[in-house]
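Residue 114 in this note's numbering sits at position 103 of the sequence shown, with consecutive numbering throughout.
It should be emphasised that the hints constitute simulated quantities derived from the structure, not laboratory data.
Any given hint could be a false lead.
[Stated by the list, open to error] 20 Å max Cα-Cα, derived EDC-like pairs, lysine to aspartate or glutamate: (1) K70 / E39; (2) K210 / D106; (3) K80 / E47; (4) K210 / E162; (5) K80 / E162; (6) K80 / E51; (7) K80 / D106; (8) K80 / E67; (9) K80 / E64; (10) K210 / E200.
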Amino acid sequence: MSNEVGERARRRPSTSDSDDDRGASTRERILTAAGELFAEHGFNATPTSRIAERAEVPKGLIHYYFRRKQDLLAALVERLPDEEIVSDALVVRGDVAASLRRLVGELDARLESSMLLSHLLWREADTHDAVRQAMQQRFGVVVEQIRRVIELAMPRGLAGCDIEAAAMLLARVVNHRHSVARHRTGDDELDREIGFIAKALELGAGNAAVEPA
Numbered sequence: 012m013s014n015e016v017g018e019r020a021r022r023r024p025s026t027s028d029s030d031d032d033r034g035a036s037t038r039e040r041i042l043t044a045a046g047e048l049f050a051e052h053g054f055n056a057t058p059t060s061r062i063a064e065r066a067e068v069p070k071g072l073i074h075y076y077f078r079r080k081q082d083l084l085a086a087l088v089e090r091l092p093d094e095e096i097v098s099d100a101l102v103v104r105g106d107v108a109a110s111l112r113r114l115v116g117e118l119d120a121r122l123e124s125s126m127l128l129s130h131l132l133w134r135e136a137d138t139h140d141a142v143r144q145a146m147q148q149r150f151g152v153v154v155e156q157i158r159r160v161i162e163l164a165m166p167r168g169l170a171g172c173d174i175e176a177a178a179m180l181l182a183r184v185v186n187h188r189h190s191v192a193r194h195r196t197g198d199d200e201l202d203r204e205i206g207f208i209a210k211a212l213e214l215g216a217g218n219a220a221v222e223p224a
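Start from the sequences and build out the full structure, keeping to the hints where you can.
Now the structure itself:
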């Protein structure tokens, strides 16, 4: 009999495990509610009482899990999806413009899949350090992705002119495009800009490949 009781005790979840699960669920509800409200109304215009109401928790629990409202914002930034993209899978060898269009299409799709990224991040970038740092890090990732795609897509026999400058230029264009995504209506001119950058790279590369007389 004692062995049977001991076996039941081993199988029963501990109180601390249950508390941990409930705590994780509560914290997740608070973060979800905060992300939605910050995106809808902005950080400064969202009181913690409204977050508690949306999350259906007592207001005191907000400050139990997050000492300051800024800590909520920092936690949301940490949850943002990874922007890493496998460049090789997007490249059309010998066609820089087509490759860049595919990369930008992938970046756009990721933006559209994240309300937090498309609304909250850009709204708060000028006012909070955690968001500003996240934006700077993401910009660096996009520059590197564009540079990699250009290097892989450049036609053989052409020595690149200034791929880094081209990557920085296109990354800034994409950055601006995403920063105004929630306000943009209709088509933009990004496709023409990609074509211009690709053509300039190819022409510059051709000149660089010519041996001096």
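Checked hints:
no. : hint        : in the structure
1   : K70 / E39   : holds, 15 Å
2   : K210 / D106 : holds, 10 Å
3   : K80 / E47   : holds, 14 Å
4   : K210 / E162 : holds, 14 Å
5   : K80 / E162  : violated, 43 Å
6   : K80 / E51   : holds, 16 Å
7   : K80 / D106  : violated, 48 Å
8   : K80 / E67   : holds, 17 Å
9   : K80 / E64   : holds, 15 Å
10  : K210 / E200 : holds, 16 Å
In summary, the structure is inconsistent with hints 5 and 7 from the numbered list given earlier, while agreeing with the others.
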